[in-house]
Amino acid sequence: MKNALRVLRAERGWSQAELAERLHVSRQTVNAIEQEKYDPSLPLAFKVSRLFARPIETIFELAPDEEA
Amino acid sequence: MTSAVQRSSGTYVLATAALLMAVYVVFVLVVDRGEHLALRLAVGLMAVAAFGLFIAAEVRMLRELDEMHRRIQLEALAIAFPTAILLVFTLGVLERAGIVVWGFQRLRDVWPLVALPYMIGLAIATRRYR
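Those protein sequences? They're chains A and B, same order as listed. In short: position in the first sequence from 1, add 178, done, that's my numbering. In short: position in the second sequence from 1, add 484, done, that's my numbering.
I should point out that these hints are in silico values taken from the structure, not numbers from a laboratory. Take the hints with a grain of salt, since some may be wrong.
[Said to hold, decoys possible] Each pair of labels, with its calculated beta carbon distance range:
{"#": "1", "chain 1": "A", "residue 1": "L220", "chain 2": "B", "residue 2": "A599", "range": "31 to 39 Å"}
{"#": "2", "chain 1": "B", "residue 1": "V585", "chain 2": "A", "residue 2": "S227", "range": "49 to 57 Å"}
{"#": "3", "chain 1": "A", "residue 1": "R200", "chain 2": "B", "residue 2": "M505", "range": "34 to 42 Å"}
{"#": "4", "chain 1": "A", "residue 1": "R205", "chain 2": "B", "residue 2": "A540", "range": "25 to 33 Å"}
{"#": "5", "chain 1": "B", "residue 1": "L561", "chain 2": "A", "residue 2": "E214", "range": "21 to 29 Å"}
{"#": "6", "chain 1": "A", "residue 1": "E214", "chain 2": "B", "residue 2": "P596", "range": "33 to 41 Å"}
{"#": "7", "chain 1": "A", "residue 1": "M179", "chain 2": "B", "residue 2": "R554", "range": "12 to 20 Å"}
{"#": "8", "chain 1": "A", "residue 1": "E235", "chain 2": "B", "residue 2": "R547", "range": "44 to 52 Å"}
{"#": "9", "chain 1": "B", "residue 1": "T574", "chain 2": "A", "residue 2": "R228", "range": "33 to 41 Å"}
{"#": "10", "chain 1": "B", "residue 1": "I569", "chain 2": "A", "residue 2": "M179", "range": "33 to 41 Å"}
{"#": "11", "chain 1": "B", "residue 1": "V577", "chain 2": "A", "residue 2": "V185", "range": "54 to 62 Å"}
{"#": "12", "chain 1": "A", "residue 1": "K225", "chain 2": "B", "residue 2": "R547", "range": "12 to 20 Å"}
{"#": "13", "chain 1": "B", "residue 1": "A581", "chain 2": "A", "residue 2": "A182", "range": "57 to 65 Å"}
{"#": "14", "chain 1": "B", "residue 1": "D593", "chain 2": "A", "residue 2": "K215", "range": "37 to 45 Å"}
No residue lacks a Cβ here, since even glycine has one placed at the ideal position from N, Cα and C.
Only chain A is shown next, with the shape it has when bound in the complex (with noise of 0.2 Å):
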């Protein structure tokens, strides 16, 4: 899955350690899903939307391949 979560969190200026602990997650966690070699929970995918103000869809998307 593709997402925007690098380029939300570099905006805000926020470190990957900043954004894990607003997660609750490890910064690891943080690492692997930016370089989208790890997808997140449902729960934690509304949890970045809800954190970032924005729909799921637009930080979250299938890659090509992913599509049905």
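Following the hints, put chain B in place on chain A, whose structure we already have.
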């Protein structure tokens, strides 16, 4: 879950693992010295209890992990469990065939080896999300 909490849980796991190994070494020494049965049994049961503490520490650590690290643990165990069975199976096959692998002549010698596939599985799963 914070890194500090994770570190604290990790320390608890390492401490219980160290306790387990220390008690087990004492147990082996007590057995080797031919001490009284009651003492051998008491120290042996202490080793079992130490293993129980280690498992409790592991479970506590797992509950404090975030979702990605739980996934990593699941993948590590999914690799480790069948691999550990394969290891024990292989040793059993070799034993039945009449080939004794040095250091693993008896079932009681095999248990430390079973931790190895978990370590390998953990390394593989961690690398995937790094």
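Hint check results:
no.	hint	result
1	A:L220 to B:A599: 31 to 39 Å	34 Å, holds
2	B:V585 to A:S227: 49 to 57 Å	55 Å, holds
3	A:R200 to B:M505: 34 to 42 Å	39 Å, holds
4	A:R205 to B:A540: 25 to 33 Å	27 Å, holds
5	B:L561 to A:E214: 21 to 29 Å	25 Å, holds
6	A:E214 to B:P596: 33 to 41 Å	38 Å, holds
7	A:M179 to B:R554: 12 to 20 Å	19 Å, holds
8	A:E235 to B:R547: 44 to 52 Å	32 Å, violated
9	B:T574 to A:R228: 33 to 41 Å	51 Å, violated
10	B:I569 to A:M179: 33 to 41 Å	34 Å, holds
11	B:V577 to A:V185: 54 to 62 Å	55 Å, holds
12	A:K225 to B:R547: 12 to 20 Å	19 Å, holds
13	B:A581 to A:A182: 57 to 65 Å	59 Å, holds
14	B:D593 to A:K215: 37 to 45 Å	39 Å, holds
Hint violations for this structure: numbers 8, 9, all remaining hints satisfied.
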